[in-house]
Structures are given as structure tokens and as C-alpha cells.
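Quick note, this note's numbering runs 36 ahead of the 1-based positions in the sequence shown.
One should not assume that every hint holds.
Heads up, simulated DSBU-like pairs for lysine-lysine below, C-alpha to C-alpha not over 35 Å straight-line [what the hints assert, rightly or not]:
id	residue 1	residue 2
1	Lys526	Lys711
2	Lys711	Lys601
3	Lys625	Lys601
4	Lys275	Lys247
5	Lys228	Lys247
6	Lys526	Lys741
7	Lys130	Lys247
8	Lys130	Lys352
9	Lys538	Lys653
Estimated spans, in silico, between C-beta atoms of each pair [as the list claims (entries may be wrong)]:
id	residue 1	residue 2	range
10	Met524	Ala245	57 to 67 Å
11	Pro239	Ser598	53 to 63 Å
12	Met524	Lys653	35 to 45 Å
13	Asp636	Lys247	47 to 57 Å
14	Pro70	Met524	47 to 57 Å
15	Gly139	Gly676	45 to 55 Å
16	Asp308	Met524	36 to 46 Å
17	Ala245	Gly510	37 to 47 Å
18	Gln669	Met524	41 to 51 Å
19	Thr511	Asp634	28 to 38 Å
20	Ala176	Pro70	42 to 52 Å
21	Ser751	Trp614	38 to 48 Å
22	Asp308	Thr511	26 to 36 Å
23	Lys130	Ser751	55 to 65 Å
No lab work stands behind these hints: they were computed from the structure. Remember, it's a predicted structure, so these values are computed and weren't measured experimentally. Glycine included, C-beta positions come from ideal geometry on N, C-alpha and C.
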Amino acid sequence: MATLPPRKSQTPTRICISKQHLTPLQTLLQMGFPRHRAEKALASTGNRGVQIASDWLLAHVNDATLDECSPREYIIYACPTGPFLQQLEEFWAKSRQMCGWNGAHNYVPHITLVSFFKAPDECSLQLSKALKQVVDMTGALLDRPLKLEPYMSQNFMGFFVAEEDANYLKRLALQYVKEVSNSTISLEPHVKSLHLTLAYQFPQAQFNALKALVETLDAGCASNWELRLYSRDPRLATKQVQKVVYPHNPHETDELELRIGDYIYLNTEVVDSSSDGWAEGISWLTGSTGHLPVNYTERTAESDAWTLHRVVQLSKSVASSLTSAEDLDIVDGRSISTEPEERQHTAHPEIIEGSSFEESEQSVEKYLRQTLKPCLELPSVQLLNSHNLNHQHNPNTPTIEITTNMSSSSTSVSKQPVDEILVEPPAAQPPCPDDTLSVHSDHSLQPSTLDASHAKNRKIYIMRHGERVDFTFGTWIPYCFDEFGNYMRKDLNMPKTLPRRKNSPEGWQNDSPLTNVGVYQASLIGQALFEAQVQIDHVYCSPSYRCIQTCTSALEGLKLTSKHKIKLEPGLFEWMAWYPSGVPDWLTKNELIEANYDVDLDYEPVQPSSDLTVRLKESTEQFYERNHDVILQLLEQTTGNILVVAHATTLDTCSRQLTGGVPRSTNELRQVIHKIPYCSLATVEQVDGVWKLVEPECLPVTHSKNPRFEWNALSAT
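Please work from the sequences and hints to get the whole structure.
Structural data, given as C-alpha cells:
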């Protein structure tokens, strides 16, 4: 066998540096990201590693501030955990329910130790590590509850920390300031009157109710505490935070996409003064700016949209408030426990030297859970990917798949490209015996299922109109009318024809027709009411064309088209604050008759349309009063059951005061109407002289979003 000849000149040995020994910043720079962007991404994601930082960068490609050198704002809290936190969270919920929003609801329960200060992105890791060092340097942990002394005044309620314990917390704050202060970071410890706020910025009329709630709190169990370092986008400093509760795909170029789980920064004044329910906001998830429907969001604590950088325990033998204890010492993608043996036992299983994560953890879900406050309300989020598609979970538990196309192809993790948020509803339940459509559709069997006493009670059925063309297709008029004003259908879900109207096509701008799906929705509700043997004695409708179409289709389903004429009642129209240009130019009664709509020509409305012209600046309370007065007069003028077909607001404005409630505020109204989809039906029943909201006799109608199909997408290369 031949032997290898000796080599006279050897190739120099290449020095290999394993990627696992690179810091996340070095890895991001190798991936091609500019340094300032990489540092901003790591700071914005709490230094959780390469994958989340790269996801953040790809999500923020349309963020106009991505290249701005605007330092983040940091703050240090001492936060309670355990039984005392549970008490406070229950107090927060009850105080919101009883008295509405006040300033304390904007943050997690806390004692401020270091007020907001600005720091460059490259200092983020230093700030995080210093928190642990400070606790180690200052010595003993708490082994008893902090002494908290209650205090209540006409504009503030809370607990002040007793002097002895306050000195302990102040030492932590002073030491932290000493550790991180330098030429670029200026911060001040919050050492005056350390306190935990329970309520402030509340009306004096709420004092007694809040005082009673505060008196139920037991501060004697405030023994579990932790230090938290948070940061926030500097744009958030003057904004109100809204949580997205319904998705929205933009119809116009200036609109903002809404994804469930995202947070939106809005100006408080804009939210309160918006005349059409739309406002300009900034997405926490993408940093993009655009207009959005405010009623697709709901107000939440500002601290929900902060980044959580570090948690350090202050109490002995206390379980972490996070998902697992290992998360406490994960900074910059590594465990930074002080002892080597401790590092060996606590190293996070999904983290490999800061370079890659287990695939099932790589998503917006992990970012939401670990960089926001630990109690973020996403308890049932599950990732649907190759790692856990076969994972068995309770079929009755709703799951939210939060997916994004932010995956980085440069990392070692293989990920599936996805581009939308899917909400998987709970599995269908067996029909209940009292479900209208789950009994028998044979009318001969229905009377036995009805409560005889309820059959005699008077009822009002209040229905919202069906799906409308303008909300479905966006700017549709310029594309569906030629230069001569002739209508041309551009989608099968658009009506084949439209009625003749004097002011066309401009008149359709504020008086949209229904889509064909909307017409069918209304027909389904009518059919269900017919099968439930609902009796209708009078029919009233808003003069909006979409409402008239809905009412007509519902009556067809009820088989009542020849029995009842539609009485047009302008007093049932929407809030006039949404129509600053004046009352819409509705179709006239003659135009409706010509289009074969069976409207009552002899009906004299309670409030004629001329009365609406003086209400262009009506308040929310005046709007409620208008609709309530109309309902009271209709009840006084008639006997038997009434069907009202109008708008989303109508279900609340025509029932709330009738059932003993008070008019809602503007924000409350906006919150409730996003829970009222197309063709929703509310039933109000008079029982022993008292009107009550009751369960409707028919099932609701639900359908999924069906985007437009572009055939030429199949030919794209």
C-alpha cells in the first residue's frame, strides 16, 4: 500500500470561529443588517436573541423611524406578585367596571424606583445586566411583607411605603443610578414618597365607590416583590394604547392593517373627537402609521405595549411571575446566572448561545409573551407549525394562530412563510334543546316549545342592516359608474342593478347599498324568525337604503311582504356627529316605490328628516335620547310586537334606557358597536311591565372573510 508523501508546503490552517460564540449583535451584522438597526432591534425586543430581533427588523421595514437615532425610554418598577397582585388585579377590574377608566389603569401595579430616562440602543444590555448586579450588591432579600400604609384623598388613592421599607427600595434605586450613569445616560432615582397608586384622575363623584373598593384590600400579604426594567418606544410617551380585537385589511393606501394581538398608539384627543370613527395610529407590531377604525380596538394599559427587559426577585423563595424561572436570567440570548454550576442547570433549553431557538418558539407569540408584561392576556395562543401540528389540545378551547411573514431566511431555523392572523373558533357544540333551529322546523311542533307566559309579552326586535358595499369594496363609486352615470357591476357580490335616484352617483356616497351577501343575510334572519313563529305587528326602518333593503329581505323571509308596509323613521338614523356635511340625500319615497319597495306613503314619522339638520353636532347623550324618544313614542302609538331595522348603534341606543340603563359615553359606544356585526338581532321583552333584553328566538348568522380572487395570480412566475 502506497504511503503518503510528505508535503513541503501546507495550506495555512483556517481559523474558524463558531457562530455559537458570536454575540447576537455580531450575528445580525454578519446577516447584513446595519449596526444602528441591529442595536435598535435588540433593544426593542429586550435582547432576547437573534431570531426575534431579525423578525422585528423585517416587521418594521415600513417604519418611518427605523433609521432615526431616537433613544428608547426606560423605567424601573418594584412590582408585587402572588396573592397581593391577585387582589390588585381584581380591584383594577372592579374599579373599571364600576367607575370607568382612571389613570391607574394605564400601568401594571407598581412602585416607581427610577423614573423614565432615555438611553441609546447600544446601552440596552448594560442597563439590563446592572439590575441584577444592584440586587446582588445591596444584600439581603425581603423575607416579610412590605409595610404599606393606605392613603385616600379626593384625587388620589393608594398605598405609601413605610419609611423603613422605603429606605431599602431607595438604596436599590440610588445604587442603580450610580451603576449606569454616564455621559450619555442621565437618570434620577424616584426617592420621594414611594407609593403604589390605586386610583387617580377620577371624578369626585366616584370617590365613595372607589373608597369602598380600596378598603377591601389587605396589604398584609404584600410579601412577594420583584424588580422590573421596562422600556418603551419614545413615540408612545404622548399616546393612548388600544388593543386590536378585530382584524382589518386596508381598503385604501392610507389605512393601517390591524392584526389581533397588536397594539395601536393613538392621540387621546383624536379618539375623543373623531367624527367618523376613524383615527390615525401607529402599530406596535410594525411601527407603521395609518388610519384605522377605532371601534376595532379597545383601550388597554399603556404598559401592555412596553418591552420587558429584565426581572429580578426581591423576595426569598418566591416563584417567578414569568412562565419559567429560567426566563429571569436570559439576557442577550444567554443565561447570565452568576455561578457556573447554576448556569449548567438553568440554561434555557430553547436557547443555543444566543444564535437560534426551537422553531415552535419563533413567532410573534414569543415576542408578545416575553417582551411585554408577564400577565399579557394571550392565554390560549398556540402555534400551528410543523413542531406542534399533532399536539392535542382541548377542542373546546379557542386558539389564536398569530402568524407573520417576518421570518428571516438567513438564520438556521427553517420557517413557513405566513401572512395573516387566523382565529380558530371553538368546536361546534351539540345543539341545545331550546335552540330555535335545533328543535323541529315543523310548525305544528313549535308551540309546545314556547313558554306560554312569554308568548303574551310584548316584544321589540331590533336588527342591524346587512353587509354594505362601501365597507366591503372600499372606494367603489369611481369604478362602478361610467362618465354618463351608468352603473356597472364589478364583482358578483355587488348588486346587479341600482334604483334610479336624482343625485346619482354622488348620492350613493353616504347611502350605500347592500352587497348580495348582505341581502342574503337579512333573508336568513327572516326565515329563522318565521320558523320560530315570531309575530310581527309593526315594521319601522331607518331611511338609509341599506336598511330598507335589509328590512325588505327580512320580511320576505318572514313571509310578511304583503302584510306590512315599511314605515320610514328618520329618528332611527345614526349618530349625526358622523355626518358633519349634513343629512344624507336618501332615496325619496317615490323613487323607492318605483324600485318596488313597499314603503308606507301615509306614515308621518315621529322625527322628520328636517329635525336631523339641527342635530349635526348632537352629543352622544343626545343621540341616545333621540333614539329612546322615538322608541317610546312608537310603543305609545301601537300595540303588539315591533320590528325595527336600522344600524349597529340602534341595538344599544333603542334598548339601553328602555331596560333601565344610562346613555354610554362616546368611547363606550365605540367599544360596544364593534360587537354588533351585520344583521345582529336584539330582542327586548316587556315582563310584568319591565323591559328586559332577552335571548332572540333565532340563531345568529356568521360567515368568514372571503378575499377577492385575482385570476392572473396563477400565471405569475
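At the C-beta level, are Thr511 and Asp634 separated by a distance inside 28 to 38 Å?
-> Distance hint for Thr511, Asp634 holds at roughly 32 Å.
Could one say that the CB atoms of Asp308 and Met524 fall in the range 36 to 46 Å?
-> Holds, since Asp308 and Met524 (Cβ atoms, about 41 Å apart) stay within the stated range.
47 to 57 Å as the expected CB spacing between Met524 and Pro70, which holds or is violated | 50 Å, holds
Starting from the range 57 to 67 Å, see whether the pair Met524 and Ala245 falls in it by beta-carbon distance.
-> At 59 Å between Cβs, range holds.
Straight-line Cα separation of Lys526 and Lys741 no greater than 35 Å?
-> Between Lys526 and Lys741 the Cα gap is close to 18 Å, so the pair holds against 35 Å.
Between Lys130 and Lys247, is the straight-line Cα distance small enough, at 35 Å or below?
-> 12 Å, holds
State, for the Cβ atoms of Pro239 and Ser598, whether the hinted interval 53 to 63 Å holds or is violated.
-> Distance hint for Pro239, Ser598 holds at roughly 54 Å.
Does Lys653 lie within 35 Å of Lys538 when you go C-alpha to C-alpha?
-> Measuring from Cα to Cα gives roughly 27 Å; hence the hint holds.
Straight-line Cα separation of Lys711 and Lys601 no greater than 35 Å?
-> 30 Å, holds
Consistency of beta-carbon spacing, Thr511 to Asp308, with hint 26 to 36 Å = Check passed, 27 Å falls within 26 to 36 Å.
Given hint Lys352 paired with Lys130 - CA-CA distance at most 35 Å | Holds. Lys130 to Lys352 sits at ~31 Å (cutoff 35 Å).
CB-CB spacing for Ser751 and Lys130 relative to the 55 to 65 Å hint | 59 Å, holds
When each numbered hint is compared with the structure, no violation occurs for any of them.
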